[in-house]
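Trainee: Listed below are the residues making up each chain.
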Amino acid sequence: MTFAAKLKGPGWYRALLSVPLSLAFSTALVVGVRALYGWDPLFDGEAITTVALIAMPLAFLVGIGCFDYWFYWAAGKPTRDEDHSGHGAKTWKDYFRVNTDHKVIGIQYIVTTFVFFTIGGLLAMLIRAELAAPGTQFVDPNTYNGLFSVHASLMIFLFIIPVFAGIANYVIPLMIGAPDMAFPRLNALSYWMLPMAGIMMVASFFAPGGAFATGWTAYAPLSTEVPLGQQFFTIGVQFAGASSIATALNFLVTIITMRAPGMTFFRMPLLVWANFTTSLLVVIATPFIAGSQFFVLFDRALGMNFFNSANGGDVIMYQHIFWFYSHPAVYIMMLPGFGIISEVISANARKPVFGYRMMAFSLCAIVVLGFTVWAHHMFVSGMSAWLRVPMMITTMLIAIPTGIKIFSWLATLWRGVIHLTTPMLFALGFITMFTLGGISGVMLAVIPVDIHVSDTYFIVAHIHYVLFGGSVFTIFAGLYFWFPKMTGRMYDERLGRMHFWLSFVFFNLTFGPMHLVGVDGMPRRVADYAAEFATWNAVISVSAFIFGMSYLLFLYNMITSWRNGPKAAANPWRAHTLEWQVSSPPPLFNFDEIPTIVGGPYEYGVPGAVHGVFKKPEPVAAASGGKE
Amino acid sequence: MEAATIAHEGHGHHHGPPEPNRSSRVEAQTLGMYLFIISEIMLFGAFFTAYFFIRVVIGDEWPAENMHLPVAVAGVNTAILISSSATIHWALESAKSGNRNGLKVGLLMTTLLGATFLAIQINEYVNIGFPPASNAQASIFYSLTGLHGAHVFIGLTLLVFATTRAFKGHFTEKEHRGVEIPGIYWHFVDVMWIVVYTTIYVI
Ligand SMILES: [Cu+2]
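Chains A and B supply the protein sequences, listed in that same order. Letter 374 of the first sequence, counting from 1, is numbered 374 in the numbering used here, and no numbers are missing. Letter 50 of the second sequence, counting from 1, is numbered 678 in the numbering used here, and no numbers are missing.
Keep in mind the hints are simulated off the structure, nothing from the lab. What you were told as hints is all true, and nothing was included just to trick you.
To give an idea of the interface, some chain B residues facing chain A are shown, with a C-beta separation under 10 Å as derived from the structure: (1) Pro646; (2) Ser652; (3) Phe672; (4) Ala674; (5) Ile686; (6) Asn763; (7) Tyr770; (8) Leu775; (9) Thr785; (10) Thr791.
Every value quoted in this text rests on a predicted model; they were computed, and no experiment measured them. Beta carbons: idealized from backbone N, C-alpha and C, even for Gly.
All chains, full assembly: derive it from the sequences and hints.
Mentor: The structure is reproduced here in C-alpha cells:
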C-alpha cells in the first residue's frame with residue numbers, strides 16, 4: 001500500500017493525521033470567532049483547549065475508522081455485502097484497529113481498562129506515600145487533590161464500569177447463543193470512545209494549574225472556578241458516558257432480540273440478567289451526569305449562571321442531578337459483579353443457584369429502588385430537610401434485595417461440593433467483604449451517623465469495601481473464571497491463590513483501620529492530618545504497598561499464562577452455560593449452528609441435565625426471517 | 629439502521645455467522661432507537677430538573693425582566709415543526725405503498741421544514757436581546773432551547789441521509805427502515821419541542 005493510500009484508508013495513519021488537523025481547526029475556529037466579535041485577546045488558551053478536547057477525540061474516531069461504514073451508508077452508495085473483514089483477530093495487530101467482533105472488543109475493553117486500573121493504582125500508591133506520615137512528604141496539597149481526584153475518576157469511569165462492559169461483551173453473546181452483538185459497529189465505537197476519556201483524564205496532569213482537583217464528584221461551584229484541568233474531567237466524562245450508554249443499549253437489544261430458541265427470560269444465566277438490569281440503569285441514569293457536566297461546561301466556557309447564586313443559579317441542584325446518576329452508578333458498578341458471582345459460585349459448588357427467580361427479581365428491585373435514594377449523599381449539603389428521612393428509609397430498603405442475594409449465595413454454597421479454585425476464592429472473599437461494606441452502608445444511611453462521619457475516612461473505608469472488596473473482587477473472579485475461555489490457556493492456579501490471599505489480607509489491613517480513624521474524625525481528601533492518626537496511617541500505607549504489589553502477581557500470571565500457559569479444555573469448570581460448550585477460545589462466529597435451549601443454566605447435580613443442545617434448528621425458526 | 633444492508637440470502641456457502649435466532653417480534657433497529665430515545669428523554673430530564681430548580685425552587689421571576697420571549701414567532705415555528713411530523717409520516721406511508729415520488733417529496737419537505745425551524749430559532753437567538761450569561765433564567769432558556777436545537781440538527785442529519793438514499797434509489801416496500809427509524813426520532817424531536825415550548829414560552 002502506498003503512503004497516500006494508508007492516509008486515506010481507516011487506521012492509525014489517518015488518525016495521527018486527523019488529530020493535529022483538528023487541533024489546528026480548533027485554534028482557527030476560536031481565533032476566528034473571537035476576531036469576528038472583536039474580543040481580546042484573540043488567542044484564548046482555555047477556549048482553544050475546550051474546543052480541542054471535543055474535536056480531537058472525534059477526529060481520532062473518524063481517523064481510526066469508527067464511522068467509515070456509516071459515511072458510506074449515508075452517502076447512499078450501493079449496498080455492500082458484509083465480508084466480515086472487520087471481524088476476528090489473527091494477530092495482535094488486529095486488537096489495535098476498529099474490530100466488530102464482540103470477542104475482540106471484549107478483550108480490547110479488558111486490556112484497556114486494566115491499563116487505567118494500573119495507572120489509578122499507582123496514583124493510590126502516591127496517595128499512600130504522601131499519607132504515610134503527618135506533614136508534607138512528596139506533594140503539595142493541590143497536587144494531592146489532583147491525585148485522589150484522578151485516582152477515583154479512573155477507577156470508576158475507566159475501570160469498574162467499562163471492565164464489566166468488557167467481560168459482558170465477551171461472554172453475553174456466547175451465553176445467549178448469538179453470533180455477535182446486535183450492533184457490532186456501534187460496539188466498536190463504544191469501545192474506542194473509552195480510551196479518549198481515559199487519556200483526557202490522565203492528560204489533565206499536564207494542564208496549567210494541575211489536574212482536576214475536585215474529587216470524582218466535581219461539585220459546583222468549586223468545579224466552575226478551579227483551573228483548566230477541570231475541563232478535562234468535564235469533557236472526558238461525556239465520552240465515557242456516551243460509550244457506556246451505547247454499550248448498554250447494545251446489550252439490551254442483543255438480549256431482547258437475539259436469544260437462542262428456547263431461551264426464555266427465566267432460562268437466562270444470571271450474568272445475563274445482571275447485565276440486562278445494569279444496562280437499564282445505564283440508559284436511564286447516565287444522561288443525568290451528562291447533564292450535570294454540561295451545566296459545569298456552560299458555566300465555565302460560556303459564563304452561564306447555573307451555579308452562580310448571585311445571578312439566580314442553584315448550587316444544590318448540581319448535587320441532586322449528579323447523585324441521581326451517581327447513586328444508580330454504584331449499582332452499575334455492582335450488579336454485573338453479582339452476575340459473575342452467581343456463575344462462579346454455582347459452577348464451583350456444583351449446585352443450582354438457590355432461588356434463581358428471586359435472584360432475578362431482586363436485581364429488578366435494586367434497579368427501581370436505586371432511583372429513589374440519591375439524596376442520602378446530601379444529608380449535610382443543606383438540601384430541603386424533609387427529604388432526609390424518606391431517603392434514609394428507601395436506602396435501608398435496598399438492603400432487602402441485596403440481602404436476598406447474599407443469603408441466596410450462602411444457600412447455594414450450603415452442602416455444595418465446593419471447589420476452592422481461584423475464582424471461587426475471590427467469590428467467597430467478595431461475599432464477606434461486600435457484606436461488611438453493605439453493613440457500613442446501612443450505618444451511613446442512618447442520618448445522625450452519616451452526619452458524624454461525613455467526609456471522614458469512614459467513607460473511604462466504606463467505598464473501598466464495596467468497590468474493591470465488592471466489585472474488584474468480582475472482576476478478578478470473573479477474569480480467572482473466563483480466562484481459559486478468552487485465551488484458550490489455563491492460568492497458574494498456585495499464583496492465583498497467592499494473589500487472592502495476599503489481596504484479601506492486605507486489603508483488610510489497608511481499609512479496615514480506615515473505619516477507626518474515620519470514626520475518630522480524620523478527614524478525607526486532605527493531604528495532611530493530626531499527629532494522633534500517625535500510627536494507623538503508617539500501618540495503612542505499608543499494607544497498601546504490599547496490597548499494591550500483590551496485583552503484580554496477577555499481572556504476571558495473566559501475561560505469562562496468556563503467552564505460554566497450558567492449553568485449556570473447552571469446559572475446564574464443567575459448567576453448563578453455553579459459552580463452555582464451544583471450544584476455548586470460541587470459533588470466529590461462536591457457533592456453527594445456533595443451539596436450542598432445553599433447560600435452566602444451573603442444573604448441576606441433576607443427572608443428565610443439559611442447558612442447551614447443538615443440533616440443526618427446527619424449520620420453525622425459518623418463519624422469523626420475514627422482514628429481511 | 630445498521631444491519632439494514634447485511635445481505636443474508638443468495639450466498640450459497642458463504643462463510644459467515646449462523647443466522648441469529650429472532651427472540652422478539654421487535655426489530656433490533658427499532659428497539660435500539662426507542663432505547664436511545666429513553667436516554668434522550670432523560671437528558672432532557674436533567675435539563676428540566678435544572679429548569680425546575682431555577683424557576684421553582686429559587687423562585688425568581690420568569691421570564692426575568694430583561695427577557696422578552698417572542699411567544700408568537702415561536703408559536704409559528706412550533707406549527708412548522710409539527711407539520712414536519714405529518715410530512716415524514718406521509719413519506720413513510722409512500723415508501724410502504726411503493727410511491728417513490730411521495731417518498732422523495734415527503735422526505736425533502738420534512739428536511740426543508742426542519743431547516744426552516746432551525747433558521748428561525750437561530751434568528752431568534754440573534755435578535756432576542758439578552759445573552760446567556762445575563763442570569764440563570766437566560767442560561768436555562770438558551771440551554772434548553774439549544775439542547776433541543778442540537779437534536780433538531782441531529783434529526784436533520786439523519787433526514788439528509790435518508791433523503792440522499794431515497795434519491796439514489798434505496799428503500800422498497802419491504803425495506804424502509806432507513807426512513808422509519810429516523811422518522812421515529814423526528815417525531816420524538818417534535819414532541820419534545822412541544823414540551824420545551826410550553827414550559828419555556830407559554831406557562
Ligand atoms: Cu448512594
